[in-house]
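Novice: Below are the chains, spelled out letter by letter.
Protein chains: 2
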Amino acid sequence: MTSPLTNLINTYHELNASEVDELEEEPSALEFLQFVAKNRPFVVRHAANSWTASEKWVADYLRQKMGSDKVKVAITPLGNADAVVQHSHGSLVFVEPHEIFEPFTDFLDDTQASSSRHVKYAQTQNDNLRNEYANLLPDVPTDIPFARLALGQSADAINLWLGDDRSVTSLHKDNYENIYVQIRGQKDFVLMPPVEMPCVNEQLLQTGRYVSADDGELIVRLDEEAERIPVATWDPDEPEQRTTPYSHLAKPLRVTLREGDLLYLPSMWYHKVSQRIGDEGFVCAVNYWYDMDFAGNHWAQTTFIRDVYQAEQMKPVYPKLETGDEKVTATNVV
Amino acid sequence: MTSPLTNLINTYHELNASEVDELEEEPSALEFLQFVAKNRPFVVRHAANSWTASEKWVADYLRQKMGSDKVKVAITPLGNADAVVQHSHGSLVFVEPHEIFEPFTDFLDDTQASSSRHVKYAQTQNDNLRNEYANLLPDVPTDIPFARLALGQSADAINLWLGDDRSVTSLHKDNYENIYVQIRGQKDFVLMPPVEMPCVNEQLLQTGRYVSADDGELIVRLDEEAERIPVATWDPDEPEQRTTPYSHLAKPLRVTLREGDLLYLPSMWYHKVSQRIGDEGFVCAVNYWYDMDFAGNHWAQTTFIRDVYQAEQMKPVYPKLETGDEKVTATNVV
Chain A
102 MTSPLTNLIN TYHELNASEV DELEEEPSAL EFLQFVAKNR PFVVRHAANS
152 WTASEKWVAD YLRQKMGSDK VKVAITPLGN ADAVVQHSHG SLVFVEPHEI
202 FEPFTDFLDD TQASSSRHVK YAQTQNDNLR NEYANLLPDV PTDIPFARLA
252 LGQSADAINL WLGDDRSVTS LHKDNYENIY VQIRGQKDFV LMPPVEMPCV
302 NEQLLQTGRY VSADDGELIV RLDEEAERIP VATWDPDEPE QRTTPYSHLA
352 KPLRVTLREG DLLYLPSMWY HKVSQRIGDE GFVCAVNYWY DMDFAGNHWA
402 QTTFIRDVYQ AEQMKPVYPK LETGDEKVTA TNVV
Chain B
102 MTSPLTNLIN TYHELNASEV DELEEEPSAL EFLQFVAKNR PFVVRHAANS
152 WTASEKWVAD YLRQKMGSDK VKVAITPLGN ADAVVQHSHG SLVFVEPHEI
202 FEPFTDFLDD TQASSSRHVK YAQTQNDNLR NEYANLLPDV PTDIPFARLA
252 LGQSADAINL WLGDDRSVTS LHKDNYENIY VQIRGQKDFV LMPPVEMPCV
302 NEQLLQTGRY VSADDGELIV RLDEEAERIP VATWDPDEPE QRTTPYSHLA
352 KPLRVTLREG DLLYLPSMWY HKVSQRIGDE GFVCAVNYWY DMDFAGNHWA
402 QTTFIRDVYQ AEQMKPVYPK LETGDEKVTA TNVV
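From first to last, the protein sequence lines are chains A and B.
If you use my numbering, the first sequence closes out at 435, no skipped numbers anywhere.
If you use my numbering, the second sequence closes out at 435, no skipped numbers anywhere.
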């Protein structure tokens, strides 16, 4: 008998395309809700072409609007903020970036130069466009009308993302319905549906944070006190590494957002994001987070998948009984 | 550790009400789709009060419209069409009704009298309002506008249900989004969400059909050739009988439809239906079936629950190791 988790992932793929739908134009609220109901992503090319941000957000304009206002910047050695890092003692650690406040103009200089010793990324994800970057807020819609109507709520957070092409956001998921809009440069998304949880090799990892040593080097300081947190450790771009028995069943969806493109990234979908700078020498995007609905089946069933996977991990697995000459070897034990 | 299935059912209940939402008025397409997305039922009282059927469907009118047109009638000894029956050889059998064609007026006479030796029920569920009962179709909407718009399709079937209060539809589920409208009498629905599959004690049963013996008695004839089919055998009205280890976790929702009330019965929900006659001496309802969407997570995840439940059933369960005097008895083996 096929294992239930294998059957789940295969059934999902039989019933769903392995590519992201492209819509001709912005959906109506009703059309949007049909995608939310199915928990399926889509992209609308050029949806934000008429936004003021799409026209005006060149480096000079941003410098003029933000000036020397201090902004929070994430700093990492390799562009790996909120990422899995192999610690010197050998085990995997989930590392958060070093964070500093610095004048916006200094940050943008470094970002455009792409030459700073460490990688900088403005990615606070705390509704920063209505706070730190409020000077830029008038250049984007205060809400996405089709989403507000469909979900019956306003955006919970509007975030600005600004960095260079060295930053990569590693595979993770959010409990939000997400409307992601590219303003400058490109982003390459790798997307995986919630049913592929058994593929991503979620592990309970110790957490840490990059801190600046005396010589300016960034080193990982472990949070000795903190509880371990569950982190996806499989990388769809290195599919043979850190696998689970289910990783080979995954069919990650890939989509590239170019300037003006809009992506609906459904709640609980795993996503990995890398990026490429545009003519202005930086990458910039805006996203709108809407609270997901925990009622109905969605949350309960997604949690169930994880529970079943974890219960299976805890089960002792015995080698198959061999009746002939063949010996039971370590490789028989999956 | 709580078993994943227990956790699933409990989590669902923590996040969802154990009663059916009542809407003040018919939902918009968008509001309806929000319920479909959550796979949650609702009722709208008096929604069909302005339908011609609500005004005109008294016995005389039906006789006049249908006359002696032959209609298909299900006949059972106890009102148990498509029901689980304990066969004389002891095992459970899923029994379909004896079916006859008879003039509508004869059928209605018997139904009103509620005195026929056997129980009759017009319940063919094969789009009968657009076929057998087409004379009555002009008295109901050809579609439910909010459902058609939300689901992007017309009704796949429109069914008339006509019987007396002896008929009970036993617990089952359909792969349709269902809009159910009460015209005469009342129906008592017991509803259970798809995550409660482990509670309903689904068993693979042999099928059979009532046939009329020489003396007019209805007896069960087994379909010896047919494949066994999965049938829910737990009855929410006899919750201590035929239980599974999960049945006690179920929280069946109960709602009574009175004349003019409309129920949205979401796809894959288990439902048991009993009924009470109105002033005209019969019970009559109309339902609209819309194809459910098999894409997204819904079908795959619902199938997964069954797979996990069945895999658990097949696992050998060993008695707990006892270290003291207490002996391992049969009751230790669940």
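Keep in mind that the hints were calculated from the coordinates and are not lab data.
A quick note: this is a predicted structure, and the numbers were derived from the prediction, not measured.
Be aware that a few hints might be false.
The list treats identical chains as one, so a pair stands whether inside a single copy or across any two.
No farther apart than 20 Å at their CA atoms in a straight line, the calculated lysine to any residue pairs in the SDA-like style are these [claimed, not checked]:
no., residue 1, residue 2
1, Lys157, Leu354
2, Lys352, Arg218
3, Lys166, Asp210
4, Lys171, Glu203
5, Lys352, Asn302
6, Lys416, Thr103
7, Lys274, Ser169
8, Lys416, Glu325
9, Lys416, Val356
10, Lys373, Tyr162
11, Lys139, Met369
12, Lys416, Pro178
13, Lys166, Ala235
14, Lys171, Pro242
15, Lys139, Asn276
16, Lys274, Gln165
17, Lys166, Val356
18, Lys274, Leu350
19, Lys352, Met369
20, Lys166, Ser129
Novice: Which earlier hints can't be squared with this structure?
Specialist: Hints 1, 2, 7, 8, 9, 10, 12, 14, 16, 17 and 20 are the ones this structure does not satisfy, whereas the remaining hints hold.
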